[in-house]
Amino acid sequence: MDEWVPLHERKEWQDVVPIPEFSPKAPIAPIKYSPEFDEIMSYFRAILQSQEVSERAFKLTTETVNASPGFYTAWHYRRFLLDKLNISIVDELNFLTELASNHPKNYQIWYYRRELMNKLQNPSSELEFVNMMLEIDEKNIHAWGYRQWVIQKFNLWEDELKFTDELIQRDPRNNSAWSERYFVISKTENLNDFEVKMREISYALNSIEEIPANESAWNYIRGLYVEELSDEIKKVMVKIIDNKGYNVYLLQCLEFIYNKQRKGDLETVVCKLLQSVDYIRKSYWKWRETSAKGKNLSRSAIDLQLIPMLIPKQPFSSVMALYYSQALS
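Under this note's numbering, the letters of the sequence shown match residues 433 to 761, in that order.
It should be emphasised that the hints constitute simulated quantities derived from the structure, not laboratory data. For glycine and all other residues, C-beta sits at the position ideal for the given N, C-alpha and C. There's no promise every hint is true.
[Stated by the list, open to error] Here are the simulated BS3-like cross-link-like pairs (lysine-lysine), alpha carbons at most 30 Å apart as the crow flies: (1) K537 <-> K516; (2) K692 <-> K714; (3) K727 <-> K714; (4) K619 <-> K671; (5) K725 <-> K692; (6) K585 <-> K571; (7) K671 <-> K718; (8) K704 <-> K718; (9) K619 <-> K585.
[To be verified] Ranges of calculated distance between the beta carbons of each label pair, as one might list FRET restraints: (10) Y465 <-> S634: 55 to 65 Å; (11) R654 <-> K594: 35 to 45 Å; (12) K464 <-> E484: 23 to 33 Å.
All chains, please: the whole structure from these sequences, using the hints.
Below is the structure:
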């Protein structure tokens, strides 16, 4: 990389008087900017004040956003110059791609890219760009938000469900991929359709059988829950507990189901267990226990099989024993 040349030494900037940052005469805690940063910003203030429209002004915004990628005013002025000077949007996208790879979670970069895409109206390389950014961080909320915007605006739904499946197969705990899957289905299919819910809950249960303590998949089930499939979910719970024991995410989902079914006594049993298993949220589960008011006393065959499996193996108090006996009666 060429050595940076101060602007006051460049011929093309000799006619510009830089504007220093305004500050009180005796600032309490002055920021120690680097000389390079301070000079770039001083010249940027000067061209911003004069609203200069020129190639040198545009180049200065490049230096400005490189020095401070989150500087919204510089991005706004750059977009103004882009329009006035008829700068190539494709070239600008290439510049932005390079900058984004070094600053993947910068709000302004992602918003600016949307504005460029609104002008270009050609998203042919955008999903490839987002994929590259997700390789850096698969849970980058800015990348996912931009991806959803591009897909909706340009109707690029066709392969997105397959894309989420590929990510989930690679990392079943990728909660962003599960969230994207829910987003795609909610926009392209009828979430009130029982067949859709059955397919997706089965998909999540298959993943859970491979990794029982997968919070993302359990949350996905809760998001799509339908009463008609409650016993199918519980059957998988029985299988998991029988083979590997219960885990906090399984119990949270079970508590959720019993709450939906208004089975207050069974919900209480699970809440009591969660107070020890999910100890950091003990107070929350105690509150949930006191809120379990459902009076549904019906018991499915799978309930009668499931609840005894939750009884702690170690000795427990007579009060706890009473709760379990009441739940099973």
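Now for the hints, and whether the structure bears them out:
no.: 1; hint: K537 <-> K516; verdict: holds, 28 Å
no.: 2; hint: K692 <-> K714; verdict: holds, 21 Å
no.: 3; hint: K727 <-> K714; verdict: holds, 24 Å
no.: 4; hint: K619 <-> K671; verdict: violated, 33 Å
no.: 5; hint: K725 <-> K692; verdict: holds, 11 Å
no.: 6; hint: K585 <-> K571; verdict: holds, 22 Å
no.: 7; hint: K671 <-> K718; verdict: holds, 27 Å
no.: 8; hint: K704 <-> K718; verdict: holds, 7 Å
no.: 9; hint: K619 <-> K585; verdict: holds, 12 Å
no.: 10; hint: Y465 <-> S634: 55 to 65 Å; verdict: holds, 58 Å
no.: 11; hint: R654 <-> K594: 35 to 45 Å; verdict: violated, 24 Å
no.: 12; hint: K464 <-> E484: 23 to 33 Å; verdict: holds, 29 Å
Checked against the numbered hints above, the structure breaks hints 4 and 11 and satisfies the rest.
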